[in-house]
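Enquirer: Those sequence lines, one after another, are chains P and F. The first sequence lines up with residues 1 to 610 when you count with the working numbering. The second sequence lines up with residues 1 to 610 when you count with the working numbering.
It cannot be assumed that every hint is accurate.
[Stated by the list, open to error] Keeping only pairs whose Cα atoms sit at most 27 Å apart, straight-line, the calculated DSS-like set for lysine-lysine is:
no.	chain 1	residue 1	chain 2	residue 2
1	P	542	F	596
2	P	185	P	87
3	P	542	F	458
4	P	604	F	458
5	F	542	P	596
6	F	163	F	542
7	P	458	F	542
8	F	185	F	351
9	P	185	P	542
10	P	458	F	458
11	P	262	F	262
12	F	458	P	596
Source of the hints: derived by calculation from the structure; they are not laboratory data. Predicted model, so just to flag it, every value in this text is computed and none were measured.
Here is how the chains run, residue by residue.
Protein chains: 2
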Amino acid sequence: MGGAGAEAVIPLAAVVGILYALWQWFVVSRVKVSGYYQSLDTGNGYHGGPVFEMDRTEEDAGKGTPDERIIMAKCAEIQHAISVGAKSFLFTQYKYLSIFMTFFAIVIFLFLGSVNSFSTKEQPCTYTQNQNCKSALANAFFTTIAFLLGAFTSVFSGYLGMKVATYANARTTLEAQKGIAPAFKIAYRSGAVMGFLLASSGLLVLYISINLFKVYYGDDWEGLFESITGYGLGGSSVALFGRVGGGIYTKAADVGADLVGKVENNIPEDDPRNPAVIADNVGDNVGDIAGMGSDLFGSYAESTCAALYVASISSFGINHNLSAVLYPLLISAMGIIVCLFTTLFATDLLKIKAIPDISSVLKRQLLISTVLMTAGIAVVTFAALPKNFTIFNFTNDKRVKNWHLFLCVSIGLWAGLVIGYTTEFYTSNAYSPVRDVADSCRTGAATNVIFGLALGYKSTIIPSFAMAASIYTSFRLASIYGVAMAALGMLSTVATGLSIDAYGPISDNAGGIAEMAGMTHEVRRRTDALDAAGNTTAAIGKGFAIGSAALVSLALFGAYVSRSGIGSIDVLDPRVFAGLMVGSMLPYWFSAMTMKSVGTAALKMVEEVT
Amino acid sequence: MGGAGAEAVIPLAAVVGILYALWQWFVVSRVKVSGYYQSLDTGNGYHGGPVFEMDRTEEDAGKGTPDERIIMAKCAEIQHAISVGAKSFLFTQYKYLSIFMTFFAIVIFLFLGSVNSFSTKEQPCTYTQNQNCKSALANAFFTTIAFLLGAFTSVFSGYLGMKVATYANARTTLEAQKGIAPAFKIAYRSGAVMGFLLASSGLLVLYISINLFKVYYGDDWEGLFESITGYGLGGSSVALFGRVGGGIYTKAADVGADLVGKVENNIPEDDPRNPAVIADNVGDNVGDIAGMGSDLFGSYAESTCAALYVASISSFGINHNLSAVLYPLLISAMGIIVCLFTTLFATDLLKIKAIPDISSVLKRQLLISTVLMTAGIAVVTFAALPKNFTIFNFTNDKRVKNWHLFLCVSIGLWAGLVIGYTTEFYTSNAYSPVRDVADSCRTGAATNVIFGLALGYKSTIIPSFAMAASIYTSFRLASIYGVAMAALGMLSTVATGLSIDAYGPISDNAGGIAEMAGMTHEVRRRTDALDAAGNTTAAIGKGFAIGSAALVSLALFGAYVSRSGIGSIDVLDPRVFAGLMVGSMLPYWFSAMTMKSVGTAALKMVEEVT
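Could you build all of it, start to finish, from the sequences and the hints given here?
Expert: In structure tokens form, the structure reads like this:
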């Protein structure tokens, strides 16, 4: 497959993905909104708002009692409140984010531009011999542009994800009146909107940027792909805000609502008398949807950029084989197509008849996407990569065959499945670990905390081995390029991963709305079942995010080491060992700060409400 | 100072330390035991036993009411029960330990002996050129002997520590009737027995072993000090059992007693109606005294052995300068003398008038021992070490001056003080962190857990920087030998550290006994104050143990790398990185197992009692 082939396939897949997301949104929107309800005073000063009215089947026709209309009106009101809250949180976050990003963009430009004292003169390339590369100032400019593009794409996808989630939660509740299957489908389709929009727009923007930058850079691929790395940095800078800010808000609202409800007033979860419940629901949308989206987008963009940079200084970069250099993007493009087929299984092919089917369908999503993607990786690898090539390997070049890359990407992909299944085992109420913890609550909070922490710690064992195995294999086969591609393999099914992940908060919200709107026990039972499966899938999403982040950080580290020409890093060097010591402490420092923030915010929330 | 000087100073200091410990024991035993009380049926089938009678001052003389005698009899009975429980636990532990140690000793002998297929022929030395060293079989034999000696010394010191602690707890309670100062002194003196016995006997046995082994090894110092490393391994094998086994028992009994008392029956801590309380007190003695003792002994023995081994293949080892090679032992000997003077401040020089004086006196113990020891290190360093020498540094030799070593040992010592003070700040109820956590309990267990965990995580920041600074400095100045000596610097005041540490469980027990024997509110208030200070000191002991263990593990790792002739360890090697990944997970695996054990044991205990 030549460069022209790659040119066509990547944007095509991205556009198909975006169209598919929009179609899913359209399907969700078919659960209709009609008319306005009359001044329904709920005591919090909120009057008026949209009312949903579902497409009624024949047997439903006679059931439009006034009671039912009030319940619907309530659903609409709650949804509106959640949507307003989420929007207001995100806009506040974006305000701070934009200040930070502007400042950071200036720093990037000044630091990179000053390398050759802002000279506009071309300089000899570092790796491509006998060729001139663009000036450091040009690299600074394009890196800053890429940085802002990455940030914008992340914000855009996260915001749309939140929009569709808050659009879908009440619709899921209303569909739950019909049965478990329609409710599940609405929730899952809404998740898919988020998943496909993010994966596709991330790919499309990156592809367009590379092509536009290429107009300026021409044959200077070193500079081109060095500038493109800004895209990854932009994505993860947003993720820092989305994940930490959103995460603190989510958990503080969750704990706060629980404290107000259970502790202070002894009222059940999601009770309408507890005003903190809306905050909890808002938190699910801004933290677990917008935040998780920007997190996975950050990892995805970074691993792609790390792979692209290493590729640009490897043999196919120096030989200007575009389709081989764009291999990471081709993998992602194939991932979108594979996830599209996978989603059909959840929304159309597999039937949900009873509650246990939900988690089985979700689990099969992971398996189906992984199996199909393995075939997809094989197709892309053997079509795009030359049979033999060399990969830049710190001080020397490493001879690599194309099937080595197939193994690298596949092991990342399958490690993701192992992480997903392990997370499911440790967080689903269908298996013994969670049941043991629940059982330990009989004797109070102390044993619960001990067993819960022990369980959490234990759940790291298998994923760590999976990570170690994929790092070892991919590193050995194709050096740092292999690690970056393993990360991308894990993230290649990101559209499905995010669909499953976003499904969680949507059904959580749906449950909250059902409770607050005073729906029947039967509806509540259905939304609870959706919610229980959703808690597990949210945990799976976190597992993917962390696993891929670990691979990505190694890939980025490798790209940095490559660029700066460091040959080896000796643990027996005092600086390295002292650095390891401080580095191993940093997660605790960071966790302490975030946990303290969650605790303080939750306490303030309790004071505010009571 | 020649070799003869070192020969005299080391055993002298060790013997002085042992005599000092025995003298402290004698002072404690002056709180007299006299007569037997008459069949006091407490409903648990225990009849008869020793009764304590304190030396009565004139004004006490008329107070020997029957009530008071019953209280004393109760104290004696409780002490006896704790002592029996602790002995029974330790003997059970020793049973399993001896099986493990026998097996491990055989493995060591077979593995080391088989290096040259059990040949008794001498072999060329690895580092000393043109000289023959003893056979691998001889090394295997002496390593096994050293291993067993290390294990035995650890068990012996731990057992005696437990004995004196269970001997002192009721005596502390009885002295608390007189006032806060006498009670504090008894508790501290008992702690000192443990501290000095362990530090001195550890040093003495090591010194004697080296001299006895030397009779066989003669000029083969490489083999001599390679065999001696078995001593460290023996010490830490026991520590594994003492710390993990004892730790699980302690915490399970603690949680179990709390659950039975507070949760199940709503009775206060240390209530005599709660049978799990005795188990809790037993746990303090076997876990926090015997276990902590073997833990610190393990670190102490290992750092000494690592330093000795690296010294033996460095210039003063090859030049057969014994006093320079025995520099680590000289530092420890100086440490015993310094700690002896330091203890005088607590037991005689500083006056305790009110409750806040307790923690201030304990804190000053750390400061005084550190300041005095800094001078002591200077004396030993400039007397024992040549001005210039070379230290083995993986693939080359490193030129080192004697004042470099002074800095290495001192930075370890002062890092220990920083860790101690940081731990005090984060665990004492006198400062804001603990008060904030207590405050967060107002809103229930959730915020308490969040704030508590955040606090624990935060407390790692300063110690990690202190550790990183001492590793960097000592590594840079004197390579792996510097790191081992920094560890030994941190442990040089181990006698004081252990005294403070053992003081904790003794006063904790004293408080329990006061409560169970139904002593007056005033006595209980005093023992509570002792106990509160003791909780902090127990935490400080753990800080020292972990800090020194981190340094020691690096030193041991360095000694291993030296012995096996590895020149560098590259993080960019896939095997190393995959290993880091798995290694970083291991603490979680291990924690999960121990926490699960604690939880399960606590639950079983609750079932047993209720």
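Enquirer: Are the hints correct? Go through all of them and say.
Expert: So, going through the hints one by one against the coordinates:
no.	hint	verdict
1	P/542 <-> F/596	holds (24 Å)
2	P/185 <-> P/87	holds (25 Å)
3	P/542 <-> F/458	holds (24 Å)
4	P/604 <-> F/458	holds (21 Å)
5	F/542 <-> P/596	holds (24 Å)
6	F/163 <-> F/542	holds (21 Å)
7	P/458 <-> F/542	holds (24 Å)
8	F/185 <-> F/351	holds (10 Å)
9	P/185 <-> P/542	holds (22 Å)
10	P/458 <-> F/458	holds (23 Å)
11	P/262 <-> F/262	holds (21 Å)
12	F/458 <-> P/596	holds (10 Å)
Violated hints for the displayed structure: none, as all numbered hints are satisfied.
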